[in-house]
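Here our numbering is used: the first residue of the sequence shown is 21, the next is one more, and so on.
Please keep in mind that the hints were generated in silico from the structure rather than gathered at the bench. It cannot be assumed that every hint is accurate.
Unchecked claim - Here are the computed distance ranges between Cβ atoms for each label pair:
id: 1; residue 1: S441; residue 2: G407; range: 18 to 24 Å
id: 2; residue 1: P126; residue 2: P513; range: 31 to 37 Å
id: 3; residue 1: N472; residue 2: D164; range: 30 to 36 Å
id: 4; residue 1: A100; residue 2: N472; range: 47 to 53 Å
id: 5; residue 1: D164; residue 2: S456; range: 56 to 62 Å
id: 6; residue 1: S579; residue 2: I406; range: 28 to 34 Å
id: 7; residue 1: R350; residue 2: A100; range: 18 to 24 Å
The beta-carbon is built from N, C-alpha and C at its ideal position, and this holds for glycine as well.
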Amino acid sequence: MNPQRPGGLTRPPHLANDRGALHERVRQQFGSFGSLPAPPLEQDDGDIDERAILADDFAKPTVRIIVGVFLASLFAFFAASPAFDAPGVWANSFRFDTAFVVVWGPLLVWTMSRLKLARALRIYLVLSLFIEPFGEAMFRQQGDGYWDTVLWPAAVAYYGTIKEWSGLPGASLPIFFFVTIGLLYRAVWGKKTADYWAPPKFARTLLLVFLGTVFALSAWGILHGGTVEGTFRQIVHLMQLPLIAMLFLYALRVPEDLSAVGTIFVVTALFRSLLVVYVYFGVCMPQGITERPGLPEWCTNHSDSVLFVVAILIVVTHAFEQRTKRAILRAVGVAAFILFAIVLNNRRLAFVSLSVAPAVIYLALKPSKRKRRVTTALVVGIPLVIGYILVGSEINSTSALVKPAKLVMSVLDQKDSSSLSRDIENENLIYTMSQSPLLSTGFGFNYQNSPNNPPVDLSDVFANYRLIAHNGVLWMWSWGGLVGFTLLWMIFPVAGTLALRAYRASYTPLERSAALSALGAIAICVVQVWGDQGLNGYMTPITFGVAFAIATRLAIRAS
Numbered sequence: 021m022n023p024q025r026p027g028g029l030t031r032p033p034h035l036a037n038d039r040g041a042l043h044e045r046v047r048q049q050f051g052s053f054g055s056l057p058a059p060p061l062e063q064d065d066g067d068i069d070e071r072a073i074l075a076d077d078f079a080k081p082t083v084r085i086i087v088g089v090f091l092a093s094l095f096a097f098f099a100a101s102p103a104f105d106a107p108g109v110w111a112n113s114f115r116f117d118t119a120f121v122v123v124w125g126p127l128l129v130w131t132m133s134r135l136k137l138a139r140a141l142r143i144y145l146v147l148s149l150f151i152e153p154f155g156e157a158m159f160r161q162q163g164d165g166y167w168d169t170v171l172w173p174a175a176v177a178y179y180g181t182i183k184e185w186s187g188l189p190g191a192s193l194p195i196f197f198f199v200t201i202g203l204l205y206r207a208v209w210g211k212k213t214a215d216y217w218a219p220p221k222f223a224r225t226l227l228l229v230f231l232g233t234v235f236a237l238s239a240w241g242i243l244h245g246g247t248v249e250g251t252f253r254q255i256v257h258l259m260q261l262p263l264i265a266m267l268f269l270y271a272l273r274v275p276e277d278l279s280a281v282g283t284i285f286v287v288t289a290l291f292r293s294l295l296v297v298y299v300y301f302g303v304c305m306p307q308g309i310t311e312r313p314g315l316p317e318w319c320t321n322h323s324d325s326v327l328f329v330v331a332i333l334i335v336v337t338h339a340f341e342q343r344t345k346r347a348i349l350r351a352v353g354v355a356a357f358i359l360f361a362i363v364l365n366n367r368r369l370a371f372v373s374l375s376v377a378p379a380v381i382y383l384a385l386k387p388s389k390r391k392r393r394v395t396t397a398l399v400v401g402i403p404l405v406i407g408y409i410l411v412g413s414e415i416n417s418t419s420a421l422v423k424p425a426k427l428v429m430s431v432l433d434q435k436d437s438s439s440l441s442r443d444i445e446n447e448n449l450i451y452t453m454s455q456s457p458l459l460s461t462g463f464g465f466n467y468q469n470s471p472n473n474p475p476v477d478l479s480d481v482f483a484n485y486r487l488i489a490h491n492g493v494l495w496m497w498s499w500g501g502l503v504g505f506t507l508l509w510m511i512f513p514v515a516g517t518l519a520l521r522a523y524r525a526s527y528t529p530l531e532r533s534a535a536l537s538a539l540g541a542i543a544i545c546v547v548q549v550w551g552d553q554g555l556n557g558y559m560t561p562i563t564f565g566v567a568f569a570i571a572t573r574l575a576i577r578a579s
C-alpha cells in the first residue's frame with residue numbers, strides 16, 4: 021500500500037522514501053545536530069601541516085625587534101629630553117631625537133615596502149603592540165605618571181603626530197597611520213600569490229560602511245555647527261579602526277599566520293609585563309608610592325590591559341585545544357606572570373575583561389567531556405573567588421595579594437570618586453542622546469550637561485573630556501543617534517558571530533584555539549570600549565582588527 025498523503029492522496033512509489041534519502045544526504049554533508057562531520061579529504065593533515073604552522077611562530081624575530089626598539093629608544097632617551105611649552109602642553113618642535121629619523125626612517129620604509137607582505141605585516145604588528153601610544157606615555161615632570169618612560173622617543177616617533185614628533189606645522193597624523201595606509205595599498209592592490217583568496221565581500225562592505233558612517237557623521241556635524249578641530253579629535257582614532265581591520269583582512273594568511281600572530285601577542289605582553297614589574301619595584305617602590313592605598317594608579321598605561329588579557333586567553337585556549345603537558349605548563353607559567361603584571365598595573369577594567377572574556381568563551385564551547393570538566397572546576401572555583409573578593413576587599417593592606425579583590429569590589433560598589441564621575445558623565449551622555457535620539461548632531465560637539473547633575477570639570481586631567489567620553493557605547497550613540505550608532509556598532513556583534521561560527525566549524529586544534537581567542541579578544545575590545553575610551557587609542561582597534569580578520573577568514577574557510 022502506498023503511503024497516505026494529506027487529502028487521502030497517495031505518494032507515488034518512486035517518492036516513498038525521498039524524505040529518508042534527504043535526511044541521509046543532509047547528515048552526510050552537515051552532520052547530525054550538535055556535531056560535525058568528519059573533515060573532508062582536502063582539509064585533512066595533508067593540506068594543513070599544523071606542526072609546520074606552529075613552528076613558524078616568529079618568536080625570535082619578535083624578541084629581536086622588541087629589544088632593538090627598546091635599545092634605540094633608550095639611546096634617544098639619554099640623548100634628548102622631552103620638551104613642553106606649558107604644563108601638559110607638548111612642544112611641537114624639532115628635538116635631537118627627531119634627527120634619528122635618518123636612521124630608522126629608511127629602515128622602516130624599506131621594511132614595509134620591500135619585504136614580503138606577510139613578514140612586513142608581522143613586524144608592523146610587533147611595533148604596534150610594543151610601542152606605547154604617545155598620548156598614554158608617562159612624563160613625571162608634567163605630573164602625568166611616576167617617571168619619564170624610556171619609550172617616549174619611540175612613542176612620539178611612531179604614534180605621535182608628525183607635528184608632535186618633528187614640529188612640522190599642520191601634520192596632525194602619526195607615522196603609524198601612513199604605515200597602515202602603505203601596507204593596506206600593498207595588500208589590496210599589490211601582487212598576489214597563487215594561493216591567495218580574497219576576503220568575502222560582506223566583510224569588506226561592513227568595514228566600508230563603518231568608515232563611511234564616520235565621515236558622514238563628521239560632515240553632518242560640521243554642517244550643523246560642529247567645529248572642525250573637535251570633529252578631527254573625535255574621529256582620528258575611530259576612522260583608523262576599519263583601515264586596520266581591512267589591512268589584516270586582506271593581508272593575514274589563515275591558517276599560516278595564526279601561530280605567529282598568537283606568539284607576537286604573547287611575547288609582547290611578556291615584555292610589557294617586565295616593564296610593569298620594573299616600574300612598580302624600580303620606580304614606584306623607592307619613592308614610597310606603593311605604600312599608599314590605591315597607588316600606583318597604573319605602571320605603564322591603560323591599553324596594556326587589553327594586551328595582557330588577550331595574551332592570557334591565547335595561551336589558555338591553545339593549551340585547552342592542544343592538551344599536551346608542554347602547552348599546559350607553558351600556559352600556567354605565562355598566564356601567572358602576566359596576571360602578576362595585571363595586579364601591579366592596577367587597572368580594574370582588566371579584571372572585568374578577565375571575567376567577561378572567559379565567560380563568553382565558556383558559553384561558546386561545544387558540549388563535550390572537556391566542557392563538563394570546566395563546568396565542574398567553575399562550580400568549585402567560583403565560591404572560592406567570591407570568598408576571596410569578600411574577605412580580601414575588607415583587609416586593610418596595600419599588599420598586591422589583596423589588590424585584585426579591592427579592584428573588583430570597587431567595580432561592584434561604584435562608590436569611589438572615579439566611578440561617581442563616570443556615572444555623571446554617562447547620565448550626561450544619555451541626556452545628550454535624548455535630545456535627538458534617532459539622528460543626533462553628528463561629530464564636532466561637546467556633550468550636554470544634564471540639568472539633574474552638577475557639572476563635573478575634568479579639564480585638568482583631560483582637556484577634551486566633553487568631546488571624547490569614557491563610555492564609547494554611549495558616546496557613539498550620543499553623537500550618532502540610533503541610526504549612526506547601529507551602523508557603527510554592528511561590526512562588533514557580526515565579528516563575534518563569525519568567531520563563534522569559525523570555532524564550531526573548525527577541524528584542527530590550532531584553528532579552534534584561534535577562533536576562541538578571537539571571540540575572547542572581541543569581548544575584551546567591547547569591555548574596553550564600554551569602560552575606558554577603547555576607541556580613543558590604538559590597542560583596541562589593532563586587537564579588534566586582528567580578531568575580525570581571523571574570525572572572518574576562519575569562518576569562510578570552514579564553510
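Hint by hint, here is what the structure shows:
1. S441 with G407: 18 to 24 Å: Since S441 and G407 have Cβ atoms about 31 Å apart, the given range 18 to 24 Å is violated.
2. P126 with P513: 31 to 37 Å: Check failed, 43 Å falls outside 31 to 37 Å.
3. N472 with D164: 30 to 36 Å: With a Cβ separation near 32 Å, N472 and D164 satisfy 30 to 36 Å, so the hint holds.
4. A100 with N472: 47 to 53 Å: Given a distance of about 49 Å, which is inside 47 to 53 Å, the answer is holds.
5. D164 with S456: 56 to 62 Å: Violated: the Cβ-Cβ distance is about 36 Å, outside 56 to 62 Å.
6. S579 with I406: 28 to 34 Å: 41 Å, violated
7. R350 with A100: 18 to 24 Å: 39 Å Cβ-Cβ, so the 18 to 24 Å window is violated.
In summary, the numbered hints that this structure violates are 1, 2, 5, 6 and 7.
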